[in-house]
Every structure is written in structure tokens, then in C-alpha cells.
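Here the protein sequences come in this chain order: A and B. Under our numbering, the first residue of the first sequence is numbered 3, with each subsequent residue one higher. Under our numbering, the first residue of the second sequence is numbered 23, with each subsequent residue one higher.
I should point out that these hints are in silico values taken from the structure, not numbers from a laboratory. Values in this document were obtained by computation on a predicted structure and should not be read as measured data. Yeah, the Cβ is synthetic: ideal placement off N, Cα and C, and Gly gets one too. Watch out, some of these pointers could steer you wrong.
To spell it out: a stretch of chain A is covered by chain B in this simulated footprint if at least three of its residues, at any positions, have a beta carbon under 8 Å from a beta carbon of chain B; those stretches are [unchecked claim]:
id, segment
1, 256-263
2, 285-293
3, 297-310
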Amino acid sequence: MPPIPSSEITPEALFWNRRRFMQTALAGAALTIPGCAATPSATNPTPAPDASGAPVVPTLPAGQGTVAGTSDELGQPLTDFAAVTGYNNYYEFTTDKQAVAAAAAGFVTNPWTVQVDGLVAKPRQFALEDILKLGNEERIYRLRCVEGWSMVIPWSGFSLNKLLALVEPTSAAKYVRFETLNDPERMPGQKEPWYTWPYAEGLRLDEAMHDLTLMATGVYGNPLPPQNGAPLRLAVPWKYGFKSIKSIVRITLTDTQPTSLWMAAAPDEYGFYANVNPRVDHPRWSQADERRIGDTGRRQTLMFNGYADAVASLYTGMDLRKFY
Amino acid sequence: MNRLSIRISAHIIGLIPLLWYASTLWRHGWPLDPVASYIAASGTAALQLLVASLAVTPVQRLSGRSALGVMRRPLGLYAFAYTMAHLLVYLMLDYAWNWQQISQNIFSKRHLIAGLLATLLFIPLALTSTTGWQKRLGRWWKHLHRIVYGAAGLAVLHYVWLVKSDTRIPYLYATVIGILLLMRLLPLRKVLHAQSR
Chain A
3 MPPIPSSEIT PEALFWNRRR FMQTALAGAA LTIPGCAATP SATNPTPAPD
53 ASGAPVVPTL PAGQGTVAGT SDELGQPLTD FAAVTGYNNY YEFTTDKQAV
103 AAAAAGFVTN PWTVQVDGLV AKPRQFALED ILKLGNEERI YRLRCVEGWS
153 MVIPWSGFSL NKLLALVEPT SAAKYVRFET LNDPERMPGQ KEPWYTWPYA
203 EGLRLDEAMH DLTLMATGVY GNPLPPQNGA PLRLAVPWKY GFKSIKSIVR
253 ITLTDTQPTS LWMAAAPDEY GFYANVNPRV DHPRWSQADE RRIGDTGRRQ
303 TLMFNGYADA VASLYTGMDL RKFY
Chain B
23 MNRLSIRISA HIIGLIPLLW YASTLWRHGW PLDPVASYIA ASGTAALQLL
73 VASLAVTPVQ RLSGRSALGV MRRPLGLYAF AYTMAHLLVY LMLDYAWNWQ
123 QISQNIFSKR HLIAGLLATL LFIPLALTST TGWQKRLGRW WKHLHRIVYG
173 AAGLAVLHYV WLVKSDTRIP YLYATVIGIL LLMRLLPLRK VLHAQSR
């Protein structure tokens, strides 16, 4: 891995990049309403008519519910239902992506509770039914895996900030830590000694409060199947997929930066921020491009996975090579 | 076993990975990320056949069946064919011949540099594998073909550097290749001892 320059001088290219972030952020702020701008397809309740005047109704394979949108806000079509629900990174079940669905079948998510605690005025244990009442809007997000592949996925759920508002984070809270269920009997992958289970992830509080940060409870118009992180998971679309932790049982507000499972496993490869950034390579592979699942060839990876207008301002003045 | 049946066995061994992959498709259906699947399968097959070809001489010596030597060339060429398939899938399906992306990708990643070097070392060995070249190069042919251990080492390094955390299988390949190399070196030492006496 190329060492991170110890010099405190910001390389000129990065300096200009930062200026560009700020410019795009400013331009974006003037034009967009946060939360809606990045997901116009989410607010499209009726399918647009095609040339013949008949409404375009997407044809859906079995097992899939109704989705309003057919593409993301960049016009990129949804990844097939079969791939979204059949090609999963979920090491708690198996490291074989195509075997996760079978390995996770029958995973019981009822009853399920989520403990929200730490630096909050009103710590609370939520029953899943109460969480589901917080909303069920469709959001079509790109998912960029750190391994270099990507999908376009129609999630449903609600902005995490709705849940956090209920517990009232105190002024001391700076970070949010998330934890997956720890149950090696139901999640046999947790018997593997390679990682420090349970899976944990973290966000800065302002990232967690951002409208784009989705608590997903459904995919393709149905409740989340186990392989996608039932019953609830994060979807943080401007960060690499591993940040979007699955099957969450605990959310803790803290004043110290949480250590994620991947940071603990390989600190030189995985940082806390893990923002999608084509200019900062993973030590073992380039992050400049990605293969959309189902495609041949690769597309250029977009800064912040194409959500720069909405989120670049969160990182103003930060050296993203250092805070990778 | 006569020479013909040994030759046929070599071809059967060489085709096992392909048949195994076909049976996987039959049992599990078409992969959802076919490109990644083809790359992984062809790379594994190349390494397995390389190990098989390196095992021929030690097995030949241990068993005392010199006729087994005719397996060396076909197994090596199958390893080369799977290597070429591996490279072709990467260039054609993963990167759709986008040379700018390809060079950017290869030269920024140590595991890809190792893989590329292994492939480059492999090419002259495949080209000079014919009996004609064997005769033309004479005693140099053997020296040249020792390069295969360098190619195998780089191929394993390519694999070790690629995997995320569970390096058991790549290190298993490294160990097996190391043992096979030692088995080639040990009799050599005996020969040297005999000469110095």
C-alpha cells in the first residue's frame, strides 16, 4: 500500500478538488431541496406514460412487490431483483455471495427489538412494529461495494434522523455506533474467528442525521429478506456498501469515534469514513471504476457515488486521502 | 498403463476444472455476477493445473514410473490455456478492452502486477513447449523451463495478495508448490554430492 504522506501539506490536486467540492456543494445548495433532490424517482407515484400513451408498468419477477421508480435520478436502471436479493455480502451467513440467500433463509426476525442508547435524553428500546411506523418511502440508491461492483436498488424505509429525533441526542453526542445481532447459532458465520463479531459500524452524527441516510426496512416493494439485512439495515449511499450495516439491534450515540469491524480487521484498508472516492484507491484494487452487476465493462466511479451535491459539504476542509 | 492411456488421463485431468464449472452451472444456475465467477474459476483452474504439472516429475521419481513424464506437457499447456482464459475474461468482459482503465488498474495494484508477470513468464514456456523447440534449445531448454517455478510463485503471490482475510487456501497452494520445488532440489543435491566425491 502506498503510505499516506506524513507531510501536512495538502497536495495541490487535492486542494483543487476541495475547491471543486465546495463549488458543487454551493451550486447544489442553491438548486436542490435536501432529501428530495437525490431521489426524484422516490417522489414519482405514477409511472410515466411511454410513447404510445400507455403507462409504463415495470414487469416484476415473482417474489417482488411493486416499485414506483424504474431508475435512479441519473437515469440508471434498477439492478435485477434476482441480483439484488441473490448476490449479497453478508459474512454472518457465508462469504459466498450467491449462497447467502439460501444460508439466511428461515432467519427469524420476529420478535426484534432495537436498543437506542448512549448520549441521548430518552434512551429507548424499540419494538420493530414501532420502528416500522416511522415511514415507508421508496428511495432508489446506487450501492457501490468497496470490492468494485455496484447496483441500483429500490429500498424502502425512512430517514434515520426520524428515529434519532425520538431519543433526543445530547449536545455531547458526536458519533453514532451501530451493531448487528450477535447470535452465532442463528448467524453461523459469526463462529469464524477472522473477525471481531458482532459487526459494528459508525457514522458521524451529522452524517447520521443527513436526510439521505436511510433506515431501510424493505427492498423492491417487500419487507427486507434475511439476505439483505432483515428486518432493518442502513443504506448510506455515498459510502462503500460495508458501511450500510445489516440486521441492527443496537444504536449508541457516543462522543468517541466508533471502531467498525472492518477497521479492526484491516486498519490500513478500511477507514472510518469510507466515502466512495474514485481518487483514493483501496490498497489492493483501484476505486476509479466499477462494474454494475449484469454489465460487461466498467463505468467510472463518481465522487461520493454521485451524491456529491448533497453530501460534499459534510467534508469541507477535510483531507479525504487521510480520512479515507 | 501404456503411454496412450497416460496421455488420455492428462487430458481428463486438464478438463476436470471445465467440467466441474459446467456442473456448478447446472446445479446452481448461471452466476449473478458472471464476470467475477469466470475470473475466479479460470484463475483457480490455472493454478490447479500448474500444480498438477509441477507434481509430475516428483510423482514420476517417487513411483519409479518414468512413463508418467508424458503428462508434463499437456498439463502445463492446460494451465497455460486457463491462464489465457483468465486474462481474456479480465480484458474482454471485466474491462471491455478499455486500455486506459486496464493500465490504470494493473499498475496500481501489486496483486495484478504479480499476475501479469506470472503470465508473461508463462508465455515463452508455452511457446517453446514443442518437441521442435526442445531439440533446438538443447540443454538450455531445461534451464529456460525452470522459470515455471518463478511463474508459479508469482501466481500464488497474486492469489495471496488478492484475498481479503482468509488466506488459508492461497497459503496451501504456496506450501504445495514449495514442497514440489524442494522435491526437485533434493535429488539435485544428491547428484552434486556424488560429483564432488
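Quiz item: Taking a Cβ-Cβ distance under 8 Å as contact, does the segment 285-293 of chain A have three or more residues in contact with chain B?
Solution: Per the Cβ count (6), the hint holds.
Quiz item: Okay, the segment 256-263 of chain A and chain B, do three or more residues pass the C-beta test at under 8 Å?
Solution: violated (count 0)
Exercise. Check, residue by residue, whether the segment 297-310 of chain A contains three or more positions whose beta-carbon lies closer than 8 Å to a beta-carbon of chain B, and give the verdict.
Key: Held - the segment 297-310 of chain A has 3 residues with a Cβ nearer than 8 Å to chain B, which meets the minimum of three.
This entry does not satisfy hint 1, going by the numbered hints stated previously; all others are met.
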